[in-house]
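Chains A and B supply the protein sequences, listed in that same order.
Per this note's numbering, the first sequence starts with residue 578, numbered consecutively.
Per this note's numbering, the second sequence starts with residue 11, numbered consecutively.
To be clear, the hints were calculated from the coordinates, so they are not data collected in a lab.
Be aware that one or more of the hints could be misleading.
In silico DSS-like cross-links for lysine-lysine, where the CA-CA straight-line distance does not exceed 30 angstroms [said to hold, decoys possible]:
(1) B:Lys250 x A:Lys624
(2) A:Lys615 x B:Lys98
(3) A:Lys615 x B:Lys94
Computed far set for chain B versus chain A, every beta-carbon distance over 12 angstroms [as the list claims (entries may be wrong)]:
(4) Gly36
(5) Leu87
(6) Lys94
(7) Ala120
(8) Ala136
(9) Leu161
(10) Val189
(11) Phe190
(12) Ser298
(13) Val329
(14) Ala345
(15) Val397
Computed from a predicted structure; not experimentally measured.
All C-beta atoms, glycine included, are put in the ideal place defined by N, C-alpha and C.
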Amino acid sequence: MFPFNFEWIWDAGHLVFHGGLWYALSIMGLGVTYCIVKALVDTAKGKGAHHH
Amino acid sequence: MDTALIPEGVKRCPAWQFILWIGLVGVVLLWGVYAMLLCWIKGLNQTNMNNAYGFALWIWADLAIIALGGGAFFTGLLKYIMGKDQLKNIINYAVLIGFICYSSALLILAIDIGQPLRGWFIFWHANVHSMLTEVAFCLTCYFGVLCIEYLPLVLENRQVDRVPFFHNLTHNMHEIMAVFAATGAFLSFFHQGSLGGVAGVLFARPFGYRTGVLVWPWTFFLFTWSAAACGPCFTIFITKLTEKIVRKKLVQDNVIELLAKIAGWMLATYVIAKIFDTAYWAFVTAPSKGFTVSDFYTGNPGSIYGYWILVMEIVVCGVLPAAILITDKGRKTQATLWLAVILAAVGVCLNRWVMVLQVLAVPVLTFESWATYFPSWQEIATTILPVAYGVILISLSYRYLPVFPQEKELNPMVSPHTPEGRAEPQASPASPEPALSPAES
Numbered sequence: 578m579f580p581f582n583f584e585w586i587w588d589a590g591h592l593v594f595h596g597g598l599w600y601a602l603s604i605m606g607l608g609v610t611y612c613i614v615k616a617l618v619d620t621a622k623g624k625g626a627h628h629h
Numbered sequence: 011m012d013t014a015l016i017p018e019g020v021k022r023c024p025a026w027q028f029i030l031w032i033g034l035v036g037v038v039l040l041w042g043v044y045a046m047l048l049c050w051i052k053g054l055n056q057t058n059m060n061n062a063y064g065f066a067l068w069i070w071a072d073l074a075i076i077a078l079g080g081g082a083f084f085t086g087l088l089k090y091i092m093g094k095d096q097l098k099n100i101i102n103y104a105v106l107i108g109f110i111c112y113s114s115a116l117l118i119l120a121i122d123i124g125q126p127l128r129g130w131f132i133f134w135h136a137n138v139h140s141m142l143t144e145v146a147f148c149l150t151c152y153f154g155v156l157c158i159e160y161l162p163l164v165l166e167n168r169q170v171d172r173v174p175f176f177h178n179l180t181h182n183m184h185e186i187m188a189v190f191a192a193t194g195a196f197l198s199f200f201h202q203g204s205l206g207g208v209a210g211v212l213f214a215r216p217f218g219y220r221t222g223v224l225v226w227p228w229t230f231f232l233f234t235w236s237a238a239a240c241g242p243c244f245t246i247f248i249t250k251l252t253e254k255i256v257r258k259k260l261v262q263d264n265v266i267e268l269l270a271k272i273a274g275w276m277l278a279t280y281v282i283a284k285i286f287d288t289a290y291w292a293f294v295t296a297p298s299k300g301f302t303v304s305d306f307y308t309g310n311p312g313s314i315y316g317y318w319i320l321v322m323e324i325v326v327c328g329v330l331p332a333a334i335l336i337t338d339k340g341r342k343t344q345a346t347l348w349l350a351v352i353l354a355a356v357g358v359c360l361n362r363w364v365m366v367l368q369v370l371a372v373p374v375l376t377f378e379s380w381a382t383y384f385p386s387w388q389e390i391a392t393t394i395l396p397v398a399y400g401v402i403l404i405s406l407s408y409r410y411l412p413v414f415p416q417e418k419e420l421n422p423m424v425s426p427h428t429p430e431g432r433a434e435p436q437a438s439p440a441s442p443e444p445a446l447s448p449a450e451s
């Protein structure tokens with residue numbers, strides 16, 4: 578649920594629950610995105626191509 | 011047939027033997043899938059749940075496997091945050107076990123909610139006053155963390171790792187794994203706790219109700235504590251069981267002993283807290299609601315619950331394994347180590363049973379009697395389903411992924427064409443593959 582949904586209420590319960598949810602999802606999303614982007618850059622630079 | 015996919019320098023059984031094994035376990039899996047489809051197509055009338063048992067076998071299984079899967083978050087916390095680097099030799103397996111436990115828990119929940127197509131309602135139309143909402147949020151997010159933690163292991167498969175992008179991705183994910191492990195520990199603390207909180211806030215059910223701190227009943231902390239104590243015990247148990255099945259040493263004893271020692275102290279402190287909690291509940295909380303302890307354990311015709319279950323949970327499956335694991339001799343003796351980790355795992359399952367099913371069995375009004383319940387075959391089959399799924403995923407991971415970093419070192423392979431003409435000394439009876447392919451040697 579987002580603050581722009583009609584069910585949203587600006588109270589502690591919604592802030593804590595959904596704040597925690599989006600905080601965790603953000604860390605996971607940003608972390609994975611960082612890994613993928615860095616892997617793409619590394620691959621483009623030819624890193625890891627001759628590890629075998 | 012699949013030699014090219016098997017990690018280098020290790021031996022696995024022949025493909026036909028592996029396929030036969032997967033096929034046998036697959037039959038059990040299909041039985042569970044059939045029962046699952048019955049529940050989805052025909053509805054929850056396929057179960058023996060009733061007005062007294064809205065929570066039943068599935069919810070117990072959920073809570074139990076979530077506690078047993080606690081080894082993943084706690085081992086991750088010890089390794090990545092507390093710097094217990096030795097545990098790198100068992101962390102992959104802990105993550106795999108956690109992944110199986112949490113995916114199974116979500117699968118069971120998908121059956122239990124009756125209409126899985128509405129599963130997303132709990133996120134979008136969340137009841138922010140419910141402990142179960144917190145559980146749903148954290149459980150789903152933590153499963154995401156486990157997927158992220160399991161993914162590098164999959165990408166380390168010999169053939170996948172040849173692709174430079176996947177190799178780089180694995181490397182990058184390992185580099186920031188501490189961030190994911192910390193997130194996982196944060197999420198686990200809250201969902202393990204909230205599962206305990208569900209029983210603890212039931213003020214109309216004095217058997218489960220507990221006092222606590224602010225909005226958190228003591229059961230909140232006890233559930234997290236017990237998962238952190240018994241989860242690693244389950245990881246050790248599955249590791250030892252795998253070693254027995256494949257007849258190979260996969261993890262060095264010092265790694266197992268370190269994890270067992272930490273789990274032992276966690277279990278010992280948990281049991282002390284649990285004894286205090288039980289005593290306070292028995293002599294203060296329950297009497298304040300008009301009950302005596304004997305009301306919960308005696309005079310219950312048709313019910314199996316008696317004082318034995320309390321003794322079994324706290325003494326036999328709590329004090330005893332803790333006493334074994336905190337002693338050096340207890341950890342180093344294989345028989346007592348086996349006994350301790352099995353008892354600890356049984357103990358946490360028993361605790362979840364008591365907090366889910368016995369809570370619902372105890373009458374709360376004077377005209378009520380003890381409620382009885384026996385699960386239908388569909389409930390039993392869908393509860394066994396995750397076990398079969400787990401066995402298959404462990405088998406596939408063990409065969410194709412480098413799950414145990416010490417396996418090669420502990421089971422060195424000697425070429426059959428040595429000058430002395432001797433055969434491989436470590437060739438296991440379960441791994442009768444005669445020789446290595448050129449790629450393996």
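Given as non-interface: B:Leu87, partner chain A, CB spacing beyond 12 angstroms: 16 angstroms, holds
Satisfaction of hint between B:Lys94 and A:Lys615, Cα-Cα up to 30 angstroms: Given that 30 angstroms is the threshold and the Cα spacing comes to 28 angstroms, the pair holds.
Proposed proximity, A:Lys624 with B:Lys250 (alpha carbon, max 30 angstroms): 38 angstroms, violated
B:Ala120 remote from chain A - nearest C-beta pair above 12 angstroms: Correct as stated: the minimum Cβ-Cβ distance to chain A is 19 angstroms, above 12 angstroms.
Whether B:Phe190 stays farther than 12 angstroms from all C-beta atoms of chain A, as the label says: 6 angstroms, violated
12 angstroms cut-off, C-beta based - B:Leu161 kept clear of every residue in chain A: 9 angstroms, violated
Consistency of the no-contact label for B:Lys94, given chain A and a CB cut of 12 angstroms: 22 angstroms, holds
Interface-negative label, B:Ser298 against chain A, beta-carbon threshold 12 angstroms: 28 angstroms, holds
Minimum Cβ distance from B:Val397 to chain A greater than 12 angstroms, as the annotation requires: 28 angstroms, holds
Least C-beta distance between B:Ala136 and chain A, which was stated to exceed 12 angstroms: Its Cβ does come within 12 angstroms of chain A, the nearest being 6 angstroms, so this is violated.
Given pair status - B:Lys98, A:Lys615, alpha carbons within 30 angstroms: The hint holds at about 24 angstroms.
Chain A versus B:Val189 - minimum CB to CB distance exceeding 12 angstroms, so not interface: 6 angstroms, violated
In summary, the structure is inconsistent with hints 1, 8, 9, 10, 11 from the numbered list given earlier, while agreeing with the others.
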